[in-house]
Amino acid sequence: MSANLTPLTPPTEARIQEIGSAEVLVGIPSYNNADTVAHVVRAVSVGLAKHFPGRRAVLVNSDGGSSDQTPAIVARTAIDFEHLFIADQQSILHRIVTPYHGIPGKGSAFRTIFEIARRLNARACAVVDADLRSISPEWIELLLRPILEEGYDYVAPYYLRHKYDGTITNSLAYPLTRALYGRRVRQPIGGEFGFSGALAAHYLDQHVWESEVARFGIDIWMTTEAIASGARICQSFLGAKIHNPKDPSADLSAMLTQVMGALFALMEKHEVLWSRLEGSQPVPLFGFTYEVGVEPVHVNMERMVLHYRQGLTDLEPIWRQILADDTFAQLRDLQGTSNTDCRIPDELWVQVVYDAAIAHRKRIIRRDHLLKALTPLYLGRTASFVHATQGLTSVEAEQKIEALCHTFERMKPYLVERWQPPAPQPAAPALLHHTSTDAGGDHE
Amino acid sequence: MSDFINQALLGPLELLGRQVLTVLPNVLAMGIILLGGIFTAWALGSFSERLLRVIGFDHFCDRVGMNAALLRGGVKTDPSRLVGRGIYWTVIVMASIAALGALNLTPINQFAQSLLAYVPHLVTAAVILLAGYFLSNFVSQAVLIAAVNAGLPPARLIAACSRWGIQVLAAAMALEQLGIAQHIVVVGFGITWGGIVLAGAIAFGLGASDLAKELLERRLINRSKANPDDDLHHW
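Line by line, the protein sequences are chains C and V.
Counting from 1, one number per residue, gives the positions in the first sequence under the working numbering.
Counting from 1, one number per residue, gives the positions in the second sequence under the working numbering.
Isolated chain V, as found in the complex (with noise of 0.2 angstroms):
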């Protein structure tokens, strides 16, 4: 009866008490990992937030149009909170990555590996990203006043055009980087965007040939004849 109750009962027992014993260590581990990532995304999301406040990113947000733009997208936050939301929330993944990889169980472990080779790619089509965003601000802005400069009537149009066309190349090579169906998205950003340069190019041969010849003779042959009715001296 004894032998029953040693094999069948407390065997099972010692078995599972001595596997808890083994994890029991990975499971504390995870816990403190767990915890100090918490407080160590909290102090840095803070300091970050309060030291960006200092050094006026929300200022430079502002003239460099990232808040209008945020406002435009429904978000009220202001830059410094989003940054240190965003630190607090990348480090609070990191320490749950590395939390599930201290319980040492192997499906776990390959999870966490994969996750963590993904994180560069996903820094590297943030940063392709927010360049192409403030490029084509920077771009749309200088375009629309050389084209208003120029007298061309379609300047906004132009300006949107040098807009969305520095975004959407900035998103396709956001989108390959990611590994998001790579070769579609290289194929489609070409034909798209050699048509639209092939369709301006036929609608300003064909449509437009007195205007395009105009700006040939103009830059090329005779600049001084630009305002044959103007002779104003501004200097």
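In isolation and in its complexed conformation, chain C is listed as follows (with noise of 0.2 angstroms):
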């Protein structure tokens, strides 16, 4: 065990010595999720005594100061086991629900859960959001059972959206996670994860908390994290994934933020690992795919297309600086395009994506203005996507997901040369016991 405890309140720590040890343990960091928390609290609980009615279960609740109540409803909703034909529940489910210490955010709270998960010496972790509307009993099978019976270390999952469900993910999480690090995760930044105990203890170790990590991108952190350390890595269907709402495109630029600057950070803590691959290797999916009509989504592409001419009019001096002058020229001749013809391809869309992540590293302007000053391009290339895959089905859409993908690995080069190669130094060591072999070699 690590010398460096996490903090944890006086009552949590009287009720990990209660408890002494478990099995499974499933998280749910949560903030004013009055309205949604006690569904996830059933759902869970009935997952536990369903699919794991013998192993010594614990449901942790790390919770930001929630001032509706939220505590109090995990600490208190009460599972009817009888009518959900759950009668030999052997196992009694212990909860703890304690605020978390630290930098106010999601990083935070998942750092109190895996405190508390080294505490008790739980072997398969899971987390899950608290304004989840969709999850259902199976979710956590799927989320554990890969790491108590298959042996893996990290289980991401995999939802059922609408193609324009999720669009940072489709854009540029997904692409640019699987270019670097050779590993194709569909969903890196999904919110649900499960993990094994000694992932949970190799996160802790690192020293992140008190960074922008502990705050948000802790998604794409815990993936990265996962793929870079060596661990076994997986994906579980999930189904569709509904969760209260967030505004539409109040925070996007925030949110845009969050993403970029963990992916880009992460890029420079594992530049000897990315540097080196090539392709990318699929990732084994369990559970039972299936397809099913989701709800239409309404875009306003002409408001995208007018912000991002705006942004090409006036952050014209700051993109100057953000991006190569061949990347710079080609996005000014779409200046000059109808509405309907001003699409940012693949390959500049890539391009954008490596120059802003070279601009960056070399620290060309203060990273929070270079990030937010990319808005303007990631909305263009949301609408172009949108035009390209008007009247196609979800399965096409995610074609052309693919061949954005394969565009992002194909220029890999690209980046690499521009990127200042990095020091000579050896492998970075494999953090945790497995070697990254099982879904077999289809490197590209």
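Read the hints as simulated data drawn from the structure, not as lab findings.
Every residue gets a Cβ at the ideal spot worked out from N, C-alpha and C, and that includes glycine.
What you were told as hints is all true, and nothing was included just to trick you.
Taking beta-carbon pairs under 7 angstroms as the criterion, some of the chain V residues facing chain C (in silico):
| no. | residue |
| --- | --- |
| 1 | GLN141 |
| 2 | ILE145 |
| 3 | VAL148 |
| 4 | ASN149 |
| 5 | GLY151 |
| 6 | ALA155 |
| 7 | ARG156 |
Just the calculated beta-carbon pair ranges, DEER-fashion:
| no. | chain 1 | residue 1 | chain 2 | residue 2 | range |
| --- | --- | --- | --- | --- | --- |
| 8 | V | ALA117 | C | ASP251 | 53 to 61 angstroms |
| 9 | C | ALA75 | V | ALA212 | 40 to 48 angstroms |
| 10 | V | ALA212 | C | VAL395 | 42 to 50 angstroms |
| 11 | C | THR393 | V | ALA201 | 47 to 55 angstroms |
| 12 | V | ALA203 | C | THR393 | 48 to 56 angstroms |
| 13 | C | GLN399 | V | PRO153 | 35 to 43 angstroms |
| 14 | V | LEU135 | C | ALA329 | 28 to 36 angstroms |
| 15 | V | ALA212 | C | ALA14 | 52 to 60 angstroms |
| 16 | C | THR9 | V | ALA201 | 43 to 51 angstroms |
| 17 | V | PRO153 | C | ALA329 | 20 to 28 angstroms |
| 18 | V | LEU115 | C | ASP251 | 54 to 62 angstroms |
| 19 | V | VAL54 | C | SER21 | 56 to 64 angstroms |
| 20 | C | GLY336 | V | ALA203 | 32 to 40 angstroms |
With the hints as a guide, dock the two chains, each given alone in a separate frame, to form the complex.
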């Protein structure tokens, strides 16, 4: 056990002493989720009782100071097991409801969950968001069983989503993570994850908890760190993800800053690893996959294109600093086109992302300004994607995303050449006990 | 005759000689101080310039937009050399004042003292101007990006206003520090700034009341109605 223990409140310490140890642990980070948290607690409780009846299980709620009674709801939510045909509930589900210490944010909530998992010596853990509406007991099985019975260290979620749902994932997080680290994790910033106790301990030992990771970017950090540490990773098909709606546009810039900032910061940390990799490997997928109709998403494409055009005009001096001359020239050529013809093709988008990563590394301008200045470019790219996939089925749209991923991989030398080569170092040691060979060789 | 020669010719010459002998050490001291000052100025200027080059000061200035600003002002010298020359001339001026002080002449001493007393104000004013310049650059860039991301059409105008607002404020503070027309600067700045704010408020309130209403509604009542025709989920 590491000497650097994360501080917990005295009641939580006492509760851990009381429980002693646990085999499985499910964490729910929360902040003002009174509307939905009871459903999540019920799904987790039923999932544990139904699928892991004989295992000593703990549910941990790590709360960020909710003012709407969220922790109280977690503590008192009761489940009628008989009506769910669960008669042989062998193990009592222990609950720990605790506030977290540190910088406010989901990352700090996760840190507390990891620490409790370490103290309880948990073998398998899962985290699920407290605002989920579509979570079912099967999610718990799908997130924990690959750890307990298949020997995996990290389980990423795989959702059924509308083709226009999760555009940051589709145009940035997934293709970039895949091209850099060579693993096809379709939802690297999904929000629901399963992980082994060893990986939780590894996460705790990283010195990131006073950085921005503690505030945001925890999802992409967990996925990247799992890949980089040599953990065995897989995915589980969870079906549709429906959660309380976030403001669709007001926080876009902040969201983009979170994801891009974390991705670029991790690129610096793991440059020795990704600069040597080529192509990508598929990641095993568990669960019964199916197709269902998802609710249509209305998109105001013209507004996005106008946003992009304004960026091209007003942010020109900043974009000129961030982007390579050729990249900016291609973007500028789009200025004369009509709104319907104003599209950022795959190659150009990849160049933009790679140029931005290099500028971020070289600190060409203040990093927060750089990341926020990319918002109109992202909207331009999203409009292009929407335009290209109008009338296509989800499967066909997925093929477009696949093509974008291939472009990211094909153009990786563009990034490696411009990224200042790191000093020769020995290969990063595998921090966990496995090697990532489970998917079979499919390097391209 | 010899008395006449002694009194009329040798006396003044002896007096002059004594005076020269009295002043000569001071003149020598002035020369030594000047020479020492020139050497120190050269050494300090060169050393500072080289040190700044080694630590990447030019690159830093390039990043914060200082090089571009210098170019806009017709200055093609790089920042490290500029600082080096600045240090050189500062030491030369200080050495000159000290050298003049070595002559021990009352009017020159008074002049040197008043000049020395003014130096802290000069330094403070320079620091204020420099800080104002950096702050205005930072704020205007942040405002420009935020305004573009918010979809405000006059984004560049808003950013330019924030830049010039801060630079004018810094200039007013620097002038006040230098003691140049203190009251006029403060009053003039207050009237101008107050007028701009009042004009902006009236223009926004009367000319763009619908926009003001929409903005407030969006901010205070229901943020999720910001784009009712777009339900794209980016995350």
